[in-house]
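S.K.: What follows is the residue order along each chain.
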Amino acid sequence: MTQHELRLRLARRGIPWTCLFELTYRCNLQCVHCYLGTNNPKEMNTDEVCGVLDTLKQVGCISLILSGGEIFARKDIVKILQYARASHFALRLFTNGTLIDRAMAEAIAQVKPWVVEISLYGFRDVHEQVTRVKGSFDDTVRAIEILRGRQIRVYVKSVVMKQNWAELPGLQQYVQRKLKVQWRSIDGGLQISPCDNGSKRPFLFRLSDRQLEKYMLAALTLNKTAKRNPEIRAAGENEHVCGAAFTACNITPSGELNPCLQIRAKDNSLKSKSFTEIWQEHPLFRQLRSLRRGDRQECLGCKDSVHCFLCPGMALIERGSLSARSPEACRLARGWKNAYRLLDKHLA
Amino acid sequence: MGKLRVFPQKTRDLAWRIIDDETILLSFRGKRVRDVVYTLNSTATYIWKLIDGKHSPEDIAGRIVDKYGISPRVALAKLRALMKDLSGRGYIYYP
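If you read the sequences in order, they're chains B and D.
Mapping of the first sequence onto the numbering used here: position 263 corresponds to residue 263, and the numbering continues sequentially without gaps.
Mapping of the second sequence onto the numbering used here: position 35 corresponds to residue 35, and the numbering continues sequentially without gaps.
Please note that the accuracy of each hint is not assured.
[Said to hold, decoys possible] Below 30 Å or equal to it, Euclidean Cα-Cα: the simulated DSSO-like pairs (lysine-lysine) are:
1) D:K67 with B:K112
2) B:K79 with D:K49
3) D:K84 with B:K337
4) B:K162 with D:K10
5) B:K303 with B:K271
6) B:K134 with B:K157
7) D:K10 with B:K57
8) D:K49 with B:K112
9) B:K57 with D:K49
10) B:K79 with D:K54
11) D:K54 with B:K112
12) D:K84 with B:K79
No wet-lab data here; the hints were simulated from the structure.
I would like the entire structure built from these sequences, with the hints used as guidance.
M.R.: Structure representation (structure tokens):
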């Protein structure tokens with residue numbers, strides 16, 4: 001059985017394969033594109049976090065992503081990591097890396113995470129333009145080297161923005177050849193979300209159509225695996241649109257259960273309701289689970305659909321409906337289509 | 001019985017869940033993450049629970065005899081085969 005098959009099998013039994021658990025919204029960097037607003041909710045304490053991990057284990061969730069803010073800003077992070085390991089999760093840690101020193105790397109090595117995923121937005125100048133903290137590039141690169149030295153699997157990822165798109169192919173090569181760690185595909189990093197507080201400021205950093213096309217072509221050229229225009233798939237209108245509330249969920253630092261980062265529910269606190277009650281009965285979760293590709297009436301017959309990263313959350317933000325057409329998804333799909341067309345021409 | 005005299009333990013770089021008497025094992029050792037998920041049936045799951053560094057293979061075989069009513073010789077043979085498989089995949093080790 002593959003991991004994909006396992007996800008579907010668990011989902012059919014009402015079990016989320018993965019949970020993205022935001023442990024804190026505090027962060028030592030101030031990234032310009034960050035989706036988190038200025039509102040810092042009251043965080044759960046160590047016991048409460050461990051209680052949530054118990055619940056996740058009990059419902060059968062096996063993959064756990066610990067994210068922030070910056071998870072290493074929590075003083076109890078090592079205790080949480082040790083508890084998660086003892087609960088036999090496949091652990092993925094999302095971090096900017098800047099707070100990882102040798103002692104922390106040793107603690108991370110002890111809990112044997114599946115992977116540590118670190119964000120890098122460019123070379124020194126661009127990276128620090130984005131993070132707005134001097135020295136953050138060197139701190140992050142040092143963390144990557146320390147972790148690699150401890151035989152910990154590291155993926156580096158990025159967000160594609162006006163500030164960095166032109167140097168990302170070069171950064172990928174630097175990460176792979178010099179830092180000798182994996183570069184995580186950043187197709188998803190093309191989607192820049194608004195802030196949780198409704199601010200659309202991060203949209204300022206989205207690429208223009210021309211920049212998108214150029215970036216996508218460069219990315220396709222660099223990544224050998226992508227050098228084929230994907231086949232147009234059969235309709236698949238009965239397929240789920242995405243994994244939110246189906247194979248995946250999100251938990252906030254104050255203990256609210258959401259379908260995903262983009263789609264925040266209400267009346268969803270794990271302090272007042274059980275996980276199962278919210279997961280199974282909450283109207284938003286039920287709605288998302290019942291959503292199929294074919295429900296997107298405006299998208300039926302779209303020739304760009306093979307390139308489209310359907311995100312109900314983005315549609316909700318842009319158009320107020322989970323099943324609406326998302327203009328940004330359309331723009332990205334057009335960008336990929338054009339990039340593939342140019343690549344095919346180039347290869348011919 | 002050679003190797004089986006020591007008390008086997010589960011390896012730490014492993015994620016697992018027991019769901020409805022079936023065990024799901026995810027390994028993330030080595031440089032490349034393997035996409036394969038390994039599952040154990042209900043009998044193997046019963047054994048998996050007893051692989052805790054506190055039970056010897058003889059103890060586990062004795063439990064299998066009691067629970068499934070098979071002969072000690074068959075129980076031990078089946079246990080050996082399973083442990084060889086789990087050990088070969090790096091899911092258990094002998095400290």
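S.K.: If you test the structure against every hint from before, which numbers come out violated?
M.R.: 1, 3, 4, 5, 12
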